[in-house]
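J.: Now for the letters of each chain:
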Amino acid sequence: MTSSRTAILESIRRAHGRGDLSADRQQALRDRLKAHPAATIPARSAGDQDHRITLFTDMVTAVDGTVDRISGWDALPQAVGNWLKSRNLPTTLAIAPDPRLDAVAVHPLYTVHRGAALPEDLIGLSIAEAGIAETGSLMLVSGPETPTSLNFLPDVHIIALPASALVGPFEEAWARLRTRFPDGLPRTVNLITGPSRTGDIEQTLLLGAHGPRQLHVVIVDDVPSA
Amino acid sequence: MQSTTRQFKDNARAALNDATLRQPLQKLKVGFRVRRAQAAEKLPEFETLRDQGRDLKNHVLENLDFYLETFATAVEASGGVVHWARDAAEAREIVLSICRDHNARTVTKGKSMISEEIGLNAYLADHDITPVETDLGEYIIQLRNEPPSHIIAPAIHVQKEMVADAFRATHTHLPADRPLSEPRQLLDEARAVLRDKFLAADVGITGANFLIAETGSTVIVTNEGNGDLTQLLPKVHVVLASLEKIVPTLEDAALLLRLLARSATGQEASSYTSFSTGPRRPGDPDGPEHFHVVLLDNGRSRLLGTEFEEMLRCIRCGACMNHCPVYGAIGGHAYGWVYPGPIGSVLTPALIGIEEAAPLPNASTLCGRCEAVCPMRIPLPKLLRHWREQEFSRHLPPGRTRLGLRVYRWFATRPALWRLATRAAALGLRMMGRKTGFLTRLPFAEDWTRHRVMPVPQGQTFMARYRAETDTPEI
Ligand code: SF4
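Residue numbers (the working numbering), protein chains in the order written: chain A, 1 to 226; chain B, 1001 to 1475.
Note that these hints are calculated values from the structure, not bench results.
Here a beta-carbon is modelled for each residue, glycine too, at the ideal position from N, C-alpha and C.
Among these hints, one or two may not hold up.
To be verified - Across the chosen pairs, the derived CB separations fall in these ranges: (1) B/1044 <-> A/183: 34 to 42 Å; (2) A/17 <-> B/1398: 33 to 41 Å; (3) A/7 <-> B/1199: 38 to 46 Å.
As the list claims (entries may be wrong) - A partial selection of chain B residues facing chain A, derived with a Cβ cut-off under 8 Å: (4) 1085; (5) 1194; (6) 1277.
As the list claims (entries may be wrong) - Cross-link-like lysine to any residue pairs, in silico, SDA-like; alpha carbons within 25 Å at most: (7) B/1160 <-> A/203; (8) A/34 <-> B/1062; (9) B/1029 <-> B/1013; (10) A/34 <-> A/24; (11) B/1197 <-> A/121; (12) B/1042 <-> A/57; (13) B/1235 <-> A/155; (14) B/1197 <-> B/1119; (15) B/1042 <-> A/171.
Take these sequences, add in the hints, and give me the full structure.
T.: What follows is the structure, encoded as structure tokens:
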């Protein structure tokens, strides 16, 4: 494929009426990559944690998701159980192998398997790398303890969001990614905003196209608030 | 994909007479337009972001070779493979050989306009590989064996009864008397049928809304989740993307993401924005084992440095077609190729040649609504005019049009004669329509008067009134 590569790059340079970019120019571009400057960040996402929680909750609710807030990881099994009951859902769960979800996994209320989702799984429980208040989006990453299939195969998706991981705009979520994965992004980073939807049949909005029909977020206060 | 653009006039006439098109196009005008306006309204920074988006893409295009090479290096560093394709044939060949390397029988597909552009489905099918579209709209039109009629809502022209017919004809394993009158029933059936396809596919092919040079990631923005299942479950993930999809960094992607969903569907964010970087890592319990990116040129690089470079800023949001009065009257199929609406009228001649696409730049009233809503501030009307000029200088318009324009020019460059002639014409028309005050027939404009009547001129010409009201001396 080298020849096509060369041909395309040369065609670009020819169209611009130049050869390779000068060394200075290339350095300037590399500096820009390193500095990764942000464009204008919407003012709505600026504010303290209370503002972020309110904005995040409003945005998730606006896209047909639901939000609960609990005081610590210990409260998670009960909170999940209450929500499932309110929706008339069973207590059989596929749970991400992240240790923070162990309390749910060992709780007698649940029948559980850990790991990647199986085609027959009805309810998945996973954990977010960040919550983005600006749009009510959850950022989930792939990894040994966080299989991506849990985000898409089950009909119902429950996401635990550590309150400390709730950020304002996208850019703050990118900063978390850069810190946590200095050597490059994981295979998959998902930003999830509400349940799956489609308007492809006569422009009628329907939830639950190919991904989850329901999305529930539990914000877990994992550090004492300042 | 084969184009029928040459028959644009016939296509458009047929579309205007197609009663089934009226309702969806009407709905599109209220739905998409209102939602976009509301979303833009809710973000005070929206207009500023549009300026910044334009500037960012200009920066990328200026340094495209650098960013492409940076991207390719990053993909390779994360364990992926980059393929460069000069044209459609090369891209098809690359995809086929990847499929063959993995003995693929079925391939699931996320929505990709590049796939339509290179005619991938037919090619794979010819080589005994079954492509399955998984975006609901794309699935519907695949079953109906037709091209998309909108870049983000490909089956917008299809009524639910027609979807039901297509499902009954295809899903023959299901009871024949099942109810399929509601959109929900149709969706649930498609979801169940496609689930099995996702699980069985050997290769998943998606498009890309963005490529990120810094990280080597490909990004898809969707609502259904089908693209995610496509790039998650099969052991091979192939991404098709054109060169200009590149952005330098995650921050730059954030800027365009803020523009894309709002302009396209009026959402603050689409349900799923997903970044794929390389294949699954050691220890990952799921994800593809192989990751390939096909970078397609297909005529784009030669647009750089020309008056058409600006169209390479397009992020395929569809806003221009949602707001276009011509698209709103005839729908997408009449345009005859992959990209309809204003962006199609500009892009199609560039990609398949003005000879093939000559009618398209004329399929516009130059009303300017497309430019007003384009998040990337692409001057679509100006670009359409450039094509018209090229078309004219290449002697492509029919003799009658050329003769008419020549006569017009002869008069228009002779002011005294022009005034005399327009005065005579105004008078003549007034006589013709004296009785009713309307003209039902106009010489040389029968096509126009067939559907409309024209009020008679009120006696004076524009120039005469202008002079009288402004005291301008005759030039
Ligand atoms: S030309 Fe502008 S409005 Fe049209 S699809 Fe492209 S970005 Fe959207």
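J.: Would you mind marking each hint as holding or not holding in the structure?
T.: To see whether the hints hold, each was checked on the structure:
{"no.": "1", "hint": "B/1044 <-> A/183: 34 to 42 Å", "verdict": "holds (38 Å)"}
{"no.": "2", "hint": "A/17 <-> B/1398: 33 to 41 Å", "verdict": "holds (36 Å)"}
{"no.": "3", "hint": "A/7 <-> B/1199: 38 to 46 Å", "verdict": "holds (39 Å)"}
{"no.": "4", "hint": "1085", "verdict": "holds (6 Å)"}
{"no.": "5", "hint": "1194", "verdict": "holds (7 Å)"}
{"no.": "6", "hint": "1277", "verdict": "holds (4 Å)"}
{"no.": "7", "hint": "B/1160 <-> A/203", "verdict": "holds (10 Å)"}
{"no.": "8", "hint": "A/34 <-> B/1062", "verdict": "holds (19 Å)"}
{"no.": "9", "hint": "B/1029 <-> B/1013", "verdict": "holds (20 Å)"}
{"no.": "10", "hint": "A/34 <-> A/24", "verdict": "holds (15 Å)"}
{"no.": "11", "hint": "B/1197 <-> A/121", "verdict": "holds (17 Å)"}
{"no.": "12", "hint": "B/1042 <-> A/57", "verdict": "holds (17 Å)"}
{"no.": "13", "hint": "B/1235 <-> A/155", "verdict": "holds (23 Å)"}
{"no.": "14", "hint": "B/1197 <-> B/1119", "verdict": "holds (21 Å)"}
{"no.": "15", "hint": "B/1042 <-> A/171", "verdict": "holds (20 Å)"}
Violated hints for the displayed structure: none, as all numbered hints are satisfied.
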